[in-house]
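Visitor: Sequence:
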Amino acid sequence: MATAKKKAPAEPKIPRQIKSKMVKEKICAAATDLIKSHGYEYVTVSNVCNAAEVSVGSFYHHFTNKDDLLGYYLTAAFENYAAEFENISGDDVVSNVVRCFGLYIDFLLEQGLEFTQNYYTTKNRNLSANSAQGNSKPVNMPILEKAEEFIIKAQENGFVYSGVDAKILADDLCIVEKATIFDWCICSGSYDLREYADRILRAHLRAYVTDAYLEKFADSFK
Numbered sequence: 001m002a003t004a005k006k007k008a009p010a011e012p013k014i015p016r017q018i019k020s021k022m023v024k025e026k027i028c029a030a031a032t033d034l035i036k037s038h039g040y041e042y043v044t045v046s047n048v049c050n051a052a053e054v055s056v057g058s059f060y061h062h063f064t065n066k067d068d069l070l071g072y073y074l075t076a077a078f079e080n081y082a083a084e085f086e087n088i089s090g091d092d093v094v095s096n097v098v099r100c101f102g103l104y105i106d107f108l109l110e111q112g113l114e115f116t117q118n119y120y121t122t123k124n125r126n127l128s129a130n131s132a133q134g135n136s137k138p139v140n141m142p143i144l145e146k147a148e149e150f151i152i153k154a155q156e157n158g159f160v161y162s163g164v165d166a167k168i169l170a171d172d173l174c175i176v177e178k179a180t181i182f183d184w185c186i187c188s189g190s191y192d193l194r195e196y197a198d199r200i201l202r203a204h205l206r207a208y209v210t211d212a213y214l215e216k217f218a219d220s221f222k
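With this note's numbering applied, the sequence shown has no gaps in its numbers, which climb one by one up to 222 at the end.
Worth double-checking, as some hints may not be accurate.
[Claimed, not checked] Cut-off 25 angstroms, straight-line C-alpha distance, at most; resulting in silico cross-link-like pairs (DMTMM-like, lysine to aspartate or glutamate):
(1) K123 / D68
(2) K146 / E195
(3) K146 / D67
(4) K21 / E110
(5) K167 / E53
(6) K146 / D68
(7) K146 / E86
(8) K26 / E114
(9) K153 / D91
(10) K123 / D172
(11) K146 / E79
(12) K26 / D68
(13) K178 / D68
(14) K216 / E148
(15) K36 / D92
(16) K153 / D219
(17) K123 / D171
(18) K178 / E84
(19) K178 / D92
(20) K167 / E156
(21) K146 / E84
(22) K26 / E53
(23) K36 / D183
(24) K66 / E110
(25) K146 / D106
(26) K146 / D165
(27) K123 / D67
(28) K36 / D68
Read the hints as simulated data drawn from the structure, not as lab findings.
Build the full structure now, drawing on both the sequences and the hints.
Guide: As structure tokens, then:
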């Protein structure tokens, strides 16, 4: 008498929340590959959906538009540096702020020159430190928030002039760093981006610190 074949155990269902995150990551990975291979302007909703093998409806379930996608990508990818980011502390405002922005440089270097050259285009509104443009949501920029916190704390300690607007200074530093990154891209990565950016940021911050800071942290400008 033939024995009945046992049914293979059913594969466990993936929880909806995890499945949703997996789809978002798949869309982000597809966008990254398209930027590297074809450039920023090739990243359209249609092309991303084709590359990620997801429907347009699924895309819009997770993202408002292309800018929203790339804004999320930057935030999600930078989470790899979250632990190091949160460990920045102490009263040396110059070193702390430079280290903050340096983590973003490290992130770009990890993505590679080709990605950075294709991502850093004047058509990419996610590069703005200001509020969202058009229908885009504001990009979460933890670096700017952290830099602003350090500047405010330094003002309380008497290390940065009290009349300085901390938010404006943080935005200005962001612009300085982006200009350095653009130049590095134009020069095809021919110099040490981290070293160059750190030096320029320190030089810019030199104008905002007090004599009390210089007396305590003189080594920051050596």
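Visitor: Work down the list of hints and note, for each, if the structure agrees.
Guide: So, going through the hints one by one against the coordinates:
With a C-alpha separation of about 14 angstroms, the suggested pairing of K123 with D68 holds against the 25 angstroms cut-off. Proximity of K146 to E195 is assessed by CA-CA distance (about 21 angstroms); at most 25 angstroms being required, the pair is judged to hold. For the given pair, K146 sits about 23 angstroms from D67 by alpha-carbon distance, which is consistent with the 25 angstroms threshold. For the hint linking K21 to E110, the alpha-carbon distance of about 23 angstroms falls within 25 angstroms, and the restraint holds.
Taken as a hint, the K167 and E53 pair is broken in the structure, with Cα atoms around 41 angstroms apart against an allowance of 25 angstroms. This hinted pair checks out: K146 and D68 have alpha carbons roughly 22 angstroms apart, not beyond 25 angstroms. Restraint check for K146 and E86: satisfied, since their Cα atoms lie roughly 9 angstroms apart, inside the 25 angstroms limit. Proximity of K26 to E114 is assessed by CA-CA distance (about 20 angstroms); at most 25 angstroms being required, the pair is judged to hold.
For the proposed pair K153 and D91, the alpha carbon gap of about 8 angstroms is at most 25 angstroms, so the pair holds. For the proposed pair K123 and D172, the alpha carbon gap of about 20 angstroms is at most 25 angstroms, so the pair holds. Between K146 and E79 the alpha-carbon distance is near 14 angstroms, which keeps this suggested pair within the 25 angstroms criterion. Restraint check for K26 and D68: satisfied, since their Cα atoms lie roughly 15 angstroms apart, inside the 25 angstroms limit.
Between the alpha carbons of K178 and D68 the distance comes to roughly 20 angstroms, so the proposed pair stays at or under 25 angstroms and holds. This hinted pair checks out: K216 and E148 have alpha carbons roughly 21 angstroms apart, not beyond 25 angstroms. Using a Cα cut-off of 25 angstroms, the hinted pair K36 and D92 is violated, with the two alpha carbons roughly 37 angstroms apart. Between K153 and D219, the direct Cα distance comes to roughly 20 angstroms. Compliance with the 25 angstroms bound is thereby established for this hinted pair.
A C-alpha spacing of about 19 angstroms is found between K123 and D171, which places the hinted pair at or below 25 angstroms, so the restraint holds. Annotation: proposed proximity of K178 to E84 holds, straight-line Cα distance about 21 angstroms (limit 25 angstroms). With a CA separation close to 23 angstroms, the supplied pair K178 and D92 stays within the 25 angstroms bound. Of the supplied pair hints, the one linking K167 and E156 holds, its CA atoms being roughly 15 angstroms apart against a limit of 25 angstroms.
A distance of roughly 13 angstroms separates the Cα atoms of K146 and E84; the hinted pair therefore holds under the 25 angstroms criterion. For the proposed pair K26 and E53, the alpha carbon gap of about 9 angstroms is at most 25 angstroms, so the pair holds. For the proposed pair K36 and D183, the alpha carbon gap of about 19 angstroms is at most 25 angstroms, so the pair holds. The hinted pair formed by K66 and E110 meets the criterion: a straight-line CA distance of about 22 angstroms does not exceed 25 angstroms.
Using a Cα cut-off of 25 angstroms, the hinted pair K146 and D106 holds, with the two alpha carbons roughly 17 angstroms apart. About 14 angstroms separates the Cα atoms of K146 and D165, which keeps this hinted pair within 25 angstroms; it holds. Taking the CA atoms of K123 and D67, the gap is about 10 angstroms. The hint holds against a cut of 25 angstroms. Between K36 and D68, the direct Cα distance comes to roughly 19 angstroms. Compliance with the 25 angstroms bound is thereby established for this hinted pair.
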